[in-house]
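A.B. asks: Those protein sequences? They're chains A and B, same order as listed.
Counting in the numbering used here, the first sequence runs from 1 upward without gaps.
Counting in the numbering used here, the second sequence runs from 1 upward without gaps.
Mixed in with the good hints there might be a few duds.
As the list claims (entries may be wrong) - The list that follows gives simulated cross-link-like pairs (lysine to aspartate or glutamate, EDC-like), each with its CA atoms no further than 20 Å apart:
| hint | chain 1 | residue 1 | chain 2 | residue 2 |
| --- | --- | --- | --- | --- |
| 1 | B | K505 | A | D314 |
| 2 | A | K119 | A | E106 |
| 3 | A | K96 | B | D433 |
| 4 | B | K651 | A | D229 |
| 5 | B | K316 | B | E343 |
| 6 | B | K662 | A | E245 |
| 7 | B | K221 | A | E312 |
These are calculated hints, taken from the structure and not from any lab test.
All of these numbers come straight from a predicted model, not from anything done at the bench.
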Amino acid sequence: MSELEKRIIEKAATLLAGGEIKRVVGWKKGEFIHDPSPATFETEESLKDFIYNDFCGANLSKYLIDIFKREGKTAVFLKPCDSYSFNQLVKEHRIKRENVYVVGIECHGKLANYKVEEKGITGITSEAHEGENVVFDTLYGKVTASREEVLLDRCLTCKGKKHVVADETVIINDYEDKVSDRFAMVRELEAMTAEERFAFWQGQLSKCIRCNACRNVCPACSCLKCVFDNPQSGIAAKANDDTFEEQLFHVIRAFHVSGRCTDCGECSRVCPQHIPLHLLNRKFIKDIDSLYGEYQAGEEAEGKTPLTSYTESDTEPNNVFTVTEGK
Amino acid sequence: MQKIGVFICWCGSNIAATVDVVRVAEEIKREPGVVYSADYQYMCSENGQQLIKNAIKEYGLTGIVIGSCSPRMHEATFRKAAESVGLNPYMVEVANLREQVSWIHKDKEEATEKALILVRTAIAKVRLNAPLKEGESPVVKRALVIGGGIAGIQAALDIAEAGYPVDIVEKNATIGGRMAQLDKTFPTLDCSACILTPKMVDCAQNEKIDILSYSEIEEVKGYVGNFSVKIRKKARYVDETKCTGCKICMTKCPSKKGLDEFNMNLKTRTAIHIPFAQAIPNVAVIDPEQCLKLKTGKCGICQKFCGAGAIDYTMKDSFIERQYGAIVVATGFKPIDLTAFNEYGYADNKDVVTSLELERLMNAAGPTNGVLLRPSDMTHPKVITFIQCVGSRDVSGCGKPYCSKICCMYTAKHAMLIREKYPDTEVHVFYIDVRTPGKNYDEFYRRAVEQYNVDYIKGMVGKVYNENGKLMVQGSDLLNNEQIVIPSDLVVLATAIEPEPSVRKIATLLTASIDTNNFLNESHPKLRPVESPTAGVYLAGVCQGPKDIPETVSQASACAAKVIGLLAKDKLKTNPCVASSNEMMCNGCSQCANVCAYGAITYVDKEFRLGGGKTEIRRVASVNPAVCQGCGACTVTCPSGAMDLSGFSSKQIMSEVEAICKK
Numbered sequence: 001m002s003e004l005e006k007r008i009i010e011k012a013a014t015l016l017a018g019g020e021i022k023r024v025v026g027w028k029k030g031e032f033i034h035d036p037s038p039a040t041f042e043t044e045e046s047l048k049d050f051i052y053n054d055f056c057g058a059n060l061s062k063y064l065i066d067i068f069k070r071e072g073k074t075a076v077f078l079k080p081c082d083s084y085s086f087n088q089l090v091k092e093h094r095i096k097r098e099n100v101y102v103v104g105i106e107c108h109g110k111l112a113n114y115k116v117e118e119k120g121i122t123g124i125t126s127e128a129h130e131g132e133n134v135v136f137d138t139l140y141g142k143v144t145a146s147r148e149e150v151l152l153d154r155c156l157t158c159k160g161k162k163h164v165v166a167d168e169t170v171i172i173n174d175y176e177d178k179v180s181d182r183f184a185m186v187r188e189l190e191a192m193t194a195e196e197r198f199a200f201w202q203g204q205l206s207k208c209i210r211c212n213a214c215r216n217v218c219p220a221c222s223c224l225k226c227v228f229d230n231p232q233s234g235i236a237a238k239a240n241d242d243t244f245e246e247q248l249f250h251v252i253r254a255f256h257v258s259g260r261c262t263d264c265g266e267c268s269r270v271c272p273q274h275i276p277l278h279l280l281n282r283k284f285i286k287d288i289d290s291l292y293g294e295y296q297a298g299e300e301a302e303g304k305t306p307l308t309s310y311t312e313s314d315t316e317p318n319n320v321f322t323v324t325e326g327k
Numbered sequence: 001m002q003k004i005g006v007f008i009c010w011c012g013s014n015i016a017a018t019v020d021v022v023r024v025a026e027e028i029k030r031e032p033g034v035v036y037s038a039d040y041q042y043m044c045s046e047n048g049q050q051l052i053k054n055a056i057k058e059y060g061l062t063g064i065v066i067g068s069c070s071p072r073m074h075e076a077t078f079r080k081a082a083e084s085v086g087l088n089p090y091m092v093e094v095a096n097l098r099e100q101v102s103w104i105h106k107d108k109e110e111a112t113e114k115a116l117i118l119v120r121t122a123i124a125k126v127r128l129n130a131p132l133k134e135g136e137s138p139v140v141k142r143a144l145v146i147g148g149g150i151a152g153i154q155a156a157l158d159i160a161e162a163g164y165p166v167d168i169v170e171k172n173a174t175i176g177g178r179m180a181q182l183d184k185t186f187p188t189l190d191c192s193a194c195i196l197t198p199k200m201v202d203c204a205q206n207e208k209i210d211i212l213s214y215s216e217i218e219e220v221k222g223y224v225g226n227f228s229v230k231i232r233k234k235a236r237y238v239d240e241t242k243c244t245g246c247k248i249c250m251t252k253c254p255s256k257k258g259l260d261e262f263n264m265n266l267k268t269r270t271a272i273h274i275p276f277a278q279a280i281p282n283v284a285v286i287d288p289e290q291c292l293k294l295k296t297g298k299c300g301i302c303q304k305f306c307g308a309g310a311i312d313y314t315m316k317d318s319f320i321e322r323q324y325g326a327i328v329v330a331t332g333f334k335p336i337d338l339t340a341f342n343e344y345g346y347a348d349n350k351d352v353v354t355s356l357e358l359e360r361l362m363n364a365a366g367p368t369n370g371v372l373l374r375p376s377d378m379t380h381p382k383v384i385t386f387i388q389c390v391g392s393r394d395v396s397g398c399g400k401p402y403c404s405k406i407c408c409m410y411t412a413k414h415a416m417l418i419r420e421k422y423p424d425t426e427v428h429v430f431y432i433d434v435r436t437p438g439k440n441y442d443e444f445y446r447r448a449v450e451q452y453n454v455d456y457i458k459g460m461v462g463k464v465y466n467e468n469g470k471l472m473v474q475g476s477d478l479l480n481n482e483q484i485v486i487p488s489d490l491v492v493l494a495t496a497i498e499p500e501p502s503v504r505k506i507a508t509l510l511t512a513s514i515d516t517n518n519f520l521n522e523s524h525p526k527l528r529p530v531e532s533p534t535a536g537v538y539l540a541g542v543c544q545g546p547k548d549i550p551e552t553v554s555q556a557s558a559c560a561a562k563v564i565g566l567l568a569k570d571k572l573k574t575n576p577c578v579a580s581s582n583e584m585m586c587n588g589c590s591q592c593a594n595v596c597a598y599g600a601i602t603y604v605d606k607e608f609r610l611g612g613g614k615t616e617i618r619r620v621a622s623v624n625p626a627v628c629q630g631c632g633a634c635t636v637t638c639p640s641g642a643m644d645l646s647g648f649s650s651k652q653i654m655s656e657v658e659a660i661c662k663k
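Next comes chain A alone, as it looks inside the complex (with noise of 0.2 Å):
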């Protein structure tokens, strides 16, 4: 166990001993230490449960919506790119801001299963970040890999350490804010042509199997009835209809969330397929910024949002094609 772990579960057990907090979001051990999966912690003896590793990519913060109703006050461990979601959630009204403790922990960036998968790296049984790589103790040995190798897409362009929201926080280690550019996927894709960027799309968009994963996860995608499942909606099946309209569902929620999205890069990780979902999304933070200015989501719990208000700088629409064409 880290130290860092230790210390998180300590605090986890403080809160819950001290009353007022009556229950812990977390993260739950799975069979191996790679497999954890989100959960809540009601008593100091479930706390047994609780991990903390590079493995913990899940974004708690969509959680909430749920659990904050229930009654007493939910604390929630929080890593900074998990702060904005809970941010914007707050912002949204779908979480109470009063009824939630908010622990911002420490985080070195978070593996991706398949990669670590891919490079043969199995029977895990500890990992650590040393420097630029991330060394594996296994059943059968020590291995080290890049972190390049091995961290989610979404990690590899960091968009820093800070937490926008926090009560308190759990960091132990010394703490580099590096901050990387995550649009250079985007550039490169507007420097496509549009056949190019088609077919590009396409070769990633077929691989769909519509398991709806990126929806059911995505803390914007909080719809009471998502549309895609309203009979009422009258489109509901629509996407069933051939590959290009099945191919449209995840263009429509781009846009769904366009102005909300804060970037959290959980629809890339839970995506089983690896479609680049984020940058889908990551297209329109851009074109908003440049369009608006800069704005990041969830960076504010209140204020106003560029998508939706007005003011006399605001770009004029006949020069909207040729900003968001990257020319």
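Using the hints provided, position chain B relative to the given structure of chain A.
C.D. replies: The following block gives chain B in isolation, referenced to the frame of chain A:
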């Protein structure tokens, strides 16, 4: 089962010449749900309407589609006809076969195909229409006039005359506008101030009129009959209620080098000043950019000398919020910027002036006290050349494509006045065309030519350059087919006019539409020329299009008549096409409330049954139908699809799209 009737109008030959109306009526009979279809020469006529009414009664129609002109023309006519025989007026749909088909297509085959598609689209919509009922909303009996020039003054006086309170919001320190700057007015040559200032005084003395000078519109909410407007009263650093207009401050102010905007910057003024002698309100204002006390903290002389104790250097902008039933926009114009017209040497030669500058140079209250002296050396110009259409009727992109309308007349006026006062002066006018329609206008121009011997030269000027102190005006004389150069002492540019730039902000606040030249659009160019397409907003003066004083005054009075007609009503019928939220789908995110321009959406915590005896309190949107204007912004913003608009539901729109796309 729906029973739909379709009525295809020929509109004389307007539609029938390009669309095979008989074929459209025939083919549409085969559409599901259509039980009756007919064509007729003029559906809007008494007989046409009777045809519709009879069919509704005879076939028990549940919905009708009219293929005719734009719904903006006759939708109300057809709705009334339907209502008179018991069919809900909102079960009527109009397919626009004139503006969107026959007027823009030439090929009859293609046009007929398109007409069929549009009629099918309207049928697809009417199938999903539901009967709607209009509500009522009260009318605030107070009007707002934006702009205190002659247009705003006239509109305010007429509205007040009918007994309604009216506020004039003027961004400058005094009302009066451009007309106050003019010397004489055509075609009668009476002095502008002599006819304007009594009206300004009337405004000030009328207890129904409240003049908010040095103020700007900050925010507009609401809708026809119920506008709520936030007004910024800019800090003038002088207490309006105390200042007596004695002007002692102006004689003592040490900061004397400010440019006098009222005199087109041809004169200087003090930092604290009253814009001109007849200003209303007759109250001083301090230019914060120029005032030593405000800039450096040192001075305070005006405060020492002010007997009324009116000076307050700590004054801040303040805000007032008022309710209005109607709004008149009268924001006026300014001459265009001449930097793109290098060839006339305006920037380099002091003696090349605009016509508005000449007004000041000839005005008794102007920088030269009414003696015509040229700006460079204050001597009498002996040769004056006027150049018309500077920036007007200009399709090169430098100027404006439209005719500024007033220049031919004021140039004739200037030429005549100069020849009258200084008969030894030689006056030339370069023109493209002389346009003088209007009562006594052409007679006026002919007097300039025939009686005052003004030299009119048909042709354009290529350039103006300075040679040994003379301004050489080089142009072509088209009638004599020769190039000429006129050595002149003063050159006057009849500069194009454009809407006052602040009108763009005002238009945005009012959601009033504006054209490519920044002129506000009227509701109909011929039949509703003073109404903006935004209900409750009226247009007076140059903000709507170039016009002279008589036309402006007529338009302002017309506006007033419209405003009075509106304010005389106690209640207005409200549009039943309003939004509503499906509470079972609303997740309370507040995005709809953020985009609602009318403040019609609020949120409530409501208890919902979950089954099994359990309940849950959820935050859901609630629309006030009296405030909702049916713009539909919320329906497209709502991420859950919970918000929908009666009469234009998402399902109706989608079914229309599908009907258009169907092969």
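A.B. asks: May I ask which of the numbered hints given earlier this structure violates, with the numbers listed in increasing order?
C.D. replies: Violated hints (numbers, rising): 2, 3, 5; every other hint is consistent with the structure.
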